[in-house]
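S.K.: Spelled out, the chains give:
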Amino acid sequence: MTLTLARWQFAIVTVFHFFFVPVSIGLAFLVATVQTLAYRRHDMTWDRLSRFFGRVFLISMAVGVVTGIVLEFQFGLNWSAYSVFVGNIFGAPLAIEGLLAFFLESTFIGLWVFGRDRLSPRLHLATIWLTSAGTIVSALWILAANAWMQHPVGYRIVHGQAVLTNFWAVLGNSTLWGSFVHTVLGAFSTAGAIVLGISAWRAWRDRDSGDGAAFVTSARFAAAFTVVTVVLTAVAGDAQARLMDTQQPMKMASAEALYDTASGASFSLLTIGTLNGSKPVLQIRVPHVLSLIADLSWNGRVQGIRQVQAAEAAKYGPGSYVPVIWLTYWSFRLMVGAGILLIALGAWGVWLGRRGKLLESRWFRRAALVGIALPFVANTTGWIFTEVGRQPWVVYGVLTTAKGVSSVPAADVAATLAAFVLVYSTLGAIALVLVVRAARQPLEEPEAAAEAAAVPGLVY
Amino acid sequence: MNFAPLNTTWFALIGLLWAGYLFLEGFDFGVGVVGPLISRDDTDRRICLNAVGPVWDGNEVWLIVAGGATFAAFPGWYAALFSGFYLVLFLVLLALIVRGVSFEFRNKLTRPGWRRTWDVANFAGNLVPAIVWGAAFTDFAHGVPLSAKGYSGGLLGAVHPIAIFGGLASLALFMFHGSLFLSLKTDGDLMARARAAARVTGAGATALVGGLVAWLVVAGRPPVPGELPGWVPLAIGLASVVAVAVAVVLTSVGRDGWAFVATGTSIVVGVGAIFARMFPAVLPASNPGANGGLLIGTAASLHNTLSVMTIVAAIFTPFVLAYQGWTYWVFRQRLVRPAGDDGPMGIGSVLGGPRAGGPGGGLGARSAGGSGGGLRAASRAVAPGAEGG
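Which chain is which? The protein sequence lines are A and B, in order.
So in this note's numbering, the last one in the first sequence is 1670, and the numbering has no gaps at all.
So in this note's numbering, the last one in the second sequence is 393, and the numbering has no gaps at all.
Worth double-checking, as some hints may not be accurate.
In silico contact screen, one side only, chain A against chain B (beta carbon under 10 Å); selected entries [to be verified]:
hint, residue
1, D1253
2, A1302
3, F1312
4, I1319
5, G1320
6, A1520
7, E1522
8, V1618
Hint data in this document are derived by calculation from the structure and do not stem from the laboratory.
This one's a predicted model, so the numbers in the text were calculated from it and none came from an experiment.
For glycine and all other residues, C-beta sits at the position ideal for the given N, C-alpha and C.
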């Protein structure tokens, strides 16, 4: 019972946290880019845009930071056996993330927010770039920890603990660099989609005022940025798939619900019916694509779930080594599908923008607004796929999830789980309302008369 | 028990991280608790929030790094501590969540009800950790119930009279520390009220911290094999009491800058006393027959991990200290009401008072700097000795 509840708790607090993380990573980078354009060109339009999207960034960052603290302690709370087992290796990247990344981003975001009138424009620009650097460095180290769970390297087992033998192997883990590039580019495209959606809608809403023209500019910029970053995300993901095929064959097989080893394996776009290996009712298949994904060859061999299960049972002892197939199958499809739709949306925006017709297409601005959801779908399902696909392992081939849990009363885990759900849904709702509000604000900062009476230097 | 020097070094470094965290967040917490009590209107309230505004987030990272370093250097400690103090830690996390977003959310709407809600959230989010950290560290010094499976006390094993007393002591000390910080960052009436708060909380803090040291000595604890002679932690603990008493004296003669240094010293030295009392256990046992508790050697990572961590920390910590210090320099100015705005004449704090959402602006605040009318450029540094000059 504790195990199930602890897994739900980890899933919920992580997924919720990761709604905000890509937004923060991506918007920090985009806002820094836009502010650089403003600085270089002495351009008020870009300056106003950077302030406008900076407000959205700050809301996301606030929720991302506070929900991140929970994760730092989640391992100790619910996964103490795991913590003892992996601490020698897993703890170091976490500590280094704090020292190298969290200090950087949280200190310089304070300087960016409060220092606008106190620092020179050049120095102020540097603070947002350092904030952005902090978010990206943070991704690197937390993914170093996660990559070790997917593909443990540079360790040996001593007295029931994994201990570090080679730090450079942990840092040079091929899985790490694949997922780092994929995750950061995915975060960039998340911000691209947000800026595109808001800009397309605002360009039309404010078409009669000066703001409209500015938002046309940012919409065109964001459309191009989104296309490029999603395509690159897909390229990185493709490289990851080939690593996965050799490192975690079960995950590759479960992505397709491929029960029996096949050469020239096809890829199903969707399946109606059960995914238990029996004949589906309806399936749309694209020949050879799975082999291409897994092996980069037309007739490459892809191992099936039954064969991997037999091999792992022979290696690790009796038991089931098959994850929840419907979850891996559909999460993989949703991730890929959302990505493809996002490329199409961005390309549509670029095409309209080049013809100067961004304002004319009602369907585009609707699609762009709804399309803000696409990267969130892809980010969430991508992580669900990669984490569920590793089950029953918490550290692949080394430690099962069931063996990592704390010996705390199930009631405690249930109570805190309920509280997290309550607090997080409230936070999520408030953050959404505030982001929508911020997105409706005029570009020009309101020269509120009330401000004349306030104290200089007040931000909060 | 191999590689004992590196183990002990990391035990001390984690003590240092906690000391840094509680020094820095100590005044954040103190400002958060004292601020609403001495604010007369929304502008006062905003001044208090903005006094810590640029820095609280960076200060909080000290906790995350302390947690991460504990995980890396002492997996056994990290695991036993946080799964053992499960509900206690959860309470702190909840408070930190609420506090963190309250800073960002409060200014987003000008509706009084909205602002009052986040004022309460900010107050509670600062109050809870200010008490709980003190209670928890008192527990660590005093020893906790341990069985072969780890911490066995449940919630009630952590919440008992001496821990509650320790929580009140840390609350008073942080309120004193925060009042002094406010008196250095504000001007006029608000500064006067912050000073008054410092005098009241200073007296309380001295009594409670002194009482805590005495109580810990009297209560005793089953011995930990290889522990330091009892007079060592006692002497360090007394130094902490002396520091807070000195701060009271400095406050009464108007040397707020030096008084702030003294309260900070008291916090840092106090954490040192607790770590000295714990050594060489990371979790001393309160029950006999537990071999003293969870020891450094048992809980620690092996040499490779500790070496990597030492190198990384040695290279990067100076940069972190430099840019964090620089932030305080950038924001060294006092937050001053414009001339002619003396605030409302009414009495009563914002918390519970009907008058939230006064003249504060909404989203435009960020552009206000430089355009505000009649600002007095007060640039007295938050540096020791700046007072009385």
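S.K.: Each hint: holds or not?
M.R.: Hints versus structure:
1. D1253: Nearest chain B Cβ about 17 Å off; hint violated.
2. A1302: With Cβ-Cβ at 4 Å, under 10 Å, it holds.
3. F1312: holds, 4 Å
4. I1319: Holds: closest Cβ of chain B sits about 7 Å from I1319(A), inside 10 Å.
5. G1320: holds, 4 Å
6. A1520: A1520(A) check fails; min Cβ-Cβ to chain B is 35 Å, beyond 10 Å.
7. E1522: Nearest chain B Cβ about 27 Å off; hint violated.
8. V1618: Since the shortest Cβ distance to chain B is 5 Å, the answer is holds.
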